[in-house]
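Student: Chains as they are written, first to last, in our numbering: chain A, 4 to 179; chain B, 18 to 501.
Heads up, a few of these hints could be off.
[Stated by the list, open to error] Think about it this way: if two alpha-carbon atoms lie no more than 20 Å apart in a straight line, the pair counts; the simulated EDC-like pairs of lysine to aspartate or glutamate are:
| # | chain 1 | residue 1 | chain 2 | residue 2 |
| --- | --- | --- | --- | --- |
| 1 | B | Lys231 | A | Glu34 |
| 2 | A | Lys129 | A | Asp32 |
| 3 | B | Lys211 | B | Glu41 |
| 4 | B | Lys231 | A | Glu156 |
| 5 | B | Lys211 | A | Asp139 |
| 6 | A | Lys52 | B | Glu237 |
| 7 | A | Lys52 | A | Asp32 |
| 8 | B | Lys34 | A | Asp139 |
| 9 | B | Lys215 | A | Asp139 |
| 10 | B | Lys231 | A | Glu46 |
| 11 | A | Lys131 | A | Glu156 |
| 12 | B | Lys231 | A | Asp93 |
| 13 | B | Lys231 | A | Asp32 |
[As the list claims (entries may be wrong)] So, partial list: chain B residues that the calculated Cβ filter (under 10 Å) puts toward chain A:
| # | residue |
| --- | --- |
| 14 | Asp202 |
| 15 | Pro249 |
| 16 | Val254 |
Simulated from the structure, these hints should not be mistaken for laboratory data. Beta carbons are placed, not taken as given, at the ideal position from N, Cα and C, and that holds for glycine.
The lines below spell out each chain.
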Amino acid sequence: MTDRRTIGVFASENDIMNAIRVVRARGYDIEDVYTPYAIHGLERALGMKRSRLPWITLILGLTGAGLKVWFEYWTTAVNWPVNVGGKPWDSLPAFVPVTFEVMVLLAGVSTVLVFLGVAQLYPGRKPKRFYPGVTDDRFVLVLNETDASFDLEETRELLSSLNAVDVDERIGEEGR
Amino acid sequence: MAELLQALTRPLIGGDKTPGQVTEDISGLLNNRPGPLWWAGFFLALTLLMVGVIAGVYLIRTGIGTWGLNNTVGWAFDITNFVFWIGIGHAGTLISAVLFLVRQRWRTSVNRAAEAMTIFAVICAGLFPVLHMGRPWMAYWMFPYPNFRGPLWVNFRSPLVWDFFAISTYFIISLTFWYLGMMPDLATLRDRAKNKVKRFLYSIGALGWDGSYKTWLRYETVYTLLAGLATPLVLSVHTIVSWDFATSVIPGWHTTIFPPYFVAGAIFSGMAMVLTLMLVARKTMRLEDYITTRHVDAMSKLLLATGMMVGLAYATEFLTAMYSGNEYEQFVFINRALGPFAWAYWIMVGCNVLVPQFLWFRQVRQNFLAVFVLSLLVNVGMWFERFTIIVTSLHRDYLPSNWSGYTPSLVELGLLIGSFGLFFTLFLLFIRFLPVVSMNEVKGVLHIGRGGHGGHGPGGNGHGGPESVRPTPDPTTKPEEVTA
Numbered sequence: 004m005t006d007r008r009t010i011g012v013f014a015s016e017n018d019i020m021n022a023i024r025v026v027r028a029r030g031y032d033i034e035d036v037y038t039p040y041a042i043h044g045l046e047r048a049l050g051m052k053r054s055r056l057p058w059i060t061l062i063l064g065l066t067g068a069g070l071k072v073w074f075e076y077w078t079t080a081v082n083w084p085v086n087v088g089g090k091p092w093d094s095l096p097a098f099v100p101v102t103f104e105v106m107v108l109l110a111g112v113s114t115v116l117v118f119l120g121v122a123q124l125y126p127g128r129k130p131k132r133f134y135p136g137v138t139d140d141r142f143v144l145v146l147n148e149t150d151a152s153f154d155l156e157e158t159r160e161l162l163s164s165l166n167a168v169d170v171d172e173r174i175g176e177e178g179r
Numbered sequence: 018m019a020e021l022l023q024a025l026t027r028p029l030i031g032g033d034k035t036p037g038q039v040t041e042d043i044s045g046l047l048n049n050r051p052g053p054l055w056w057a058g059f060f061l062a063l064t065l066l067m068v069g070v071i072a073g074v075y076l077i078r079t080g081i082g083t084w085g086l087n088n089t090v091g092w093a094f095d096i097t098n099f100v101f102w103i104g105i106g107h108a109g110t111l112i113s114a115v116l117f118l119v120r121q122r123w124r125t126s127v128n129r130a131a132e133a134m135t136i137f138a139v140i141c142a143g144l145f146p147v148l149h150m151g152r153p154w155m156a157y158w159m160f161p162y163p164n165f166r167g168p169l170w171v172n173f174r175s176p177l178v179w180d181f182f183a184i185s186t187y188f189i190i191s192l193t194f195w196y197l198g199m200m201p202d203l204a205t206l207r208d209r210a211k212n213k214v215k216r217f218l219y220s221i222g223a224l225g226w227d228g229s230y231k232t233w234l235r236y237e238t239v240y241t242l243l244a245g246l247a248t249p250l251v252l253s254v255h256t257i258v259s260w261d262f263a264t265s266v267i268p269g270w271h272t273t274i275f276p277p278y279f280v281a282g283a284i285f286s287g288m289a290m291v292l293t294l295m296l297v298a299r300k301t302m303r304l305e306d307y308i309t310t311r312h313v314d315a316m317s318k319l320l321l322a323t324g325m326m327v328g329l330a331y332a333t334e335f336l337t338a339m340y341s342g343n344e345y346e347q348f349v350f351i352n353r354a355l356g357p358f359a360w361a362y363w364i365m366v367g368c369n370v371l372v373p374q375f376l377w378f379r380q381v382r383q384n385f386l387a388v389f390v391l392s393l394l395v396n397v398g399m400w401f402e403r404f405t406i407i408v409t410s411l412h413r414d415y416l417p418s419n420w421s422g423y424t425p426s427l428v429e430l431g432l433l434i435g436s437f438g439l440f441f442t443l444f445l446l447f448i449r450f451l452p453v454v455s456m457n458e459v460k461g462v463l464h465i466g467r468g469g470h471g472g473h474g475p476g477g478n479g480h481g482g483p484e485s486v487r488p489t490p491d492p493t494t495k496p497e498e499v500t501a
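The shape of chain B in the complex, shown without the other chains (with noise of 0.2 Å):
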């Protein structure tokens, strides 16, 4: 019990910040030029870029016979992909909407950055079905338009469809969530800039924000409706984008567990991609009071559990298709276990499966460059689980005689290294430009685990929660009888 109450009343936020500190370290980072190390970052990050450019320039030139693909292997590295980059988006909402529905404060040091992951993730996600189309001029017959085809409309009982709305929906709400509580911190950047261009950016951004009650109660409203929609809504994405899958009846895909197992590893990969940003931020742009133990021992936490559930899906999976008595079902999973792409599948259980075990034990949840190489380790398994779940079942078709190989072609690695550069690039501009830390939320919850020592910011009782700013009416100044 004592051991509770102390972890309930440990600061939030490290060396004893005033909301002036917290406006003056946070906005500060962006009146700085940028050091040596942002420029090799984006220097790298372009790079990388620059050669997704080109491969996606040769691929809409040439088309999709440049990739490595066959008759029988018809889907393999451009979904890879896209599931994989979708998948990280979704720690970014868990993080900004879920947490806040269930009141996990810590989260107002992260979650401005998870936003912006997921919505650079999303990005770089919706690129690859694009460039899969062959022809991605014509994206736009995705949308159900009145048209001169008939007008022939969109098949709304295909998954792809409902895929085409779900990552749209998913986008625009993030975006909006991630603009709407970035509001208040424009102000604080529009009224701090003394560079007049400043200014009037920041300005146009801020909507004219001037922290007024009224506002504030109106705009908490708004933030908590659109957590309740965003967490609705971050379920249904990958339960969306694994019916893709589901509803095909090829065996290993053909399964009701796709769902909560989708969504589960995309939590999984996108709270593994945090941790490797935030610690990252953390060290570059001394973040340390910011992003503590505290803060890395959770989000941890939240990456062991998840990764015991993918586990488990594993497992049973394996469990449903020897249950099922179905000999096709039952190839799959020895075929991948055994395979030619056995190595892929063994990667996948190492870094998802073996590798967060270690997070059991408190001494590496502390270690920083611990956890560091662990979620770099889960981010290279979670792709490959996709990687495993789209070839291996497709490889083996029902006729041997279809039975084929696959190797990606130079083209599709260049483009899967674009889509790192892109997400980089646009990360390392996120932190240049906007506040990396939500300067008013953090503001927030500076008293929590204060004691009762007063004297300096807002003092609080210690409880933590958010009725814990109670103040006591002072004795000297007791209200008087109303005679207006």
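Next up, chain A with everything else stripped away, as it sits in the complex (with noise of 0.2 Å):
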């Protein structure tokens, strides 16, 4: 990792997709993408893998269903028992919408602040911009600068044959 990198602007989402298939084909060391939107199909372009987030889904859901069963358990028929119209003190399935709620209630917002923290956003991060009206409609490919081999001509010329409609070298500055 180097602090310069050379970044890529582009009009369209066809014609990132076809610039990032070429660059990696070169071997270059594509560090991000920024796009106003989700493209589908660019994670597999990038290569990159699938994110974990449903496990951690699928643990914090079950945590908070069996933590619930727990909790009315030793409420209703432990803690204080109330006798609710004869019914037995460990009604399980009078249990279960409860459950169900406080499991997708769990399993929902903790998702969501788990996403938050391992993307870091937060309120008063600030956002790294390598160029203005990506959240608009320009696509941005930025390319780690790795070692004295990178010839930032050459990347120019190749990416302003991709229809890149804007080239240019960051220095130091992450963007921000």
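From the two separate chains plus the hints, produce the assembled complex.
Tutor: The structure is reproduced here in structure tokens:
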């Protein structure tokens, strides 16, 4: 990793997909791609792995459900048993609805919190801005200038031939 | 077949938009000063809300004796309004979660507004049980927390406690889902804001979103997970609401058909409300290119389908009563159709079963005025459905000496009016300060239905599916051997 990056700016989804294919085949190190919307199929083009967040959801959901069943049993059958209509203390079927709701609540909210944590999104975070208009209609490809063999001019020509509307070098600022 | 292909290749968004134009159109709405129409609507909504506030303050100061309830009819307007508003919310979740999972890409134009509707409807719904408690400042007793009363816990076997958990979860998950979907759009607004205060507020909301694809990838995963969780949740919420009735031993309530019947009715009423709101928004906010005949057509068909399910449930209830041989059950249904509240029953049947039948005709589905009027009638019909279910089952008790009537008091009417005021006030504020159409999602569906003519925007190959953006590698830049 160096602090020198070359950015290629594209005007359409197709252009950037094509560019990613070509620069990956040529062995460039793609640091990240910035897009105004989620492009389907881009993760395959970039060779990214699937997110492991579903496992977190599963674990937290099951934990929430388990704790809730225990809590309902403990309150109704152990801590202060109250006879309601002669129903058994451990009326497990009657505990299903609340258990389900708590499972969904815990799984849903904590998945989002974990996502915000992993993606490092929080109020006051300064967004990386390599190029204006990324949240509007520009697609930005950020290449890492890995070592001395990186040829800026060649890269510039390559990206331009791939329909880049702008190619530029960014040094040391991490786009902030 | 040709017609089918044509339907698949019809553009979702009109006007040959580019992503830049989408940003301009939607965020531009927030830059203009609100027109006289918005102010008129806002003051009307605020007036209605004030009526509700006055009724609410009087109610809390005096007690629920100010309502028209009596010993026999112990539930009436408040629970009707509660079920009505909760039902309205369900279409929002259907559009945002269920249609997302089944890849109905037309939802992108309406999901933001529909989710907002869900949240505001749940807020309106939540007010009624709290007010019905009589001592709303004790509402936190619903929550099982360690207390000095024993600790005496809530009764987890009671559907009313299930309801508390279901509604709270539904509200929190809907809010999370709405906010998550809005984050990238808030970043767009932040990057465009000229005003310092606005930029600051939007940047807080955007949480530093910068469009990094690594984040997008996780974001999509989380969005799908939430959709997957919200789908069974939305079914569970109205199921549990129906259990408030079905677990009792009141004739007309004690039936197993209630959960599916309530869920279908909820989606039916909510879809009508989405249509009402979106048709108004389309006209007043110039969203003609975003909400097209295709969207209205699809929603009208959903309205028709759920309306038929509701109609089927009405008929099934009668059959069950007849077939059960239970005279109390039979009496309740004959009393509904022919008794003192027959007018409410026939408004319900007319608006919910007969009126939607017009939607079989394409001419009606493409006539926005007709759809608007139909959707209003369905809203009316669904309110009366809940009123009929609740009041007619209660007002004729097992003992004829208990029989009574029911007339709502002014306070109850005021609260109903106030809930509409609250709903529309919140909705009008939403369209003033937040993007009413999901910009990032709409940008992702622009290519749908645009034939192979490239040149602008993300030109697809016209298949319309999520896989349709697979570019053909440029033959002039053949990948070379990697030497590094």
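Student: Hints first: check each against the structure and report whether it holds.
Tutor: Now the hints, each set against the structure:
no.: 1; hint: B:Lys231 to A:Glu34; in the structure: holds (10 Å)
no.: 2; hint: A:Lys129 to A:Asp32; in the structure: violated (24 Å)
no.: 3; hint: B:Lys211 to B:Glu41; in the structure: holds (14 Å)
no.: 4; hint: B:Lys231 to A:Glu156; in the structure: violated (28 Å)
no.: 5; hint: B:Lys211 to A:Asp139; in the structure: holds (15 Å)
no.: 6; hint: A:Lys52 to B:Glu237; in the structure: holds (13 Å)
no.: 7; hint: A:Lys52 to A:Asp32; in the structure: holds (16 Å)
no.: 8; hint: B:Lys34 to A:Asp139; in the structure: holds (13 Å)
no.: 9; hint: B:Lys215 to A:Asp139; in the structure: holds (17 Å)
no.: 10; hint: B:Lys231 to A:Glu46; in the structure: holds (9 Å)
no.: 11; hint: A:Lys131 to A:Glu156; in the structure: violated (25 Å)
no.: 12; hint: B:Lys231 to A:Asp93; in the structure: violated (47 Å)
no.: 13; hint: B:Lys231 to A:Asp32; in the structure: holds (15 Å)
no.: 14; hint: Asp202; in the structure: holds (8 Å)
no.: 15; hint: Pro249; in the structure: holds (7 Å)
no.: 16; hint: Val254; in the structure: holds (8 Å)
This entry does not satisfy hints 2, 4, 11, 12, going by the numbered hints stated previously.
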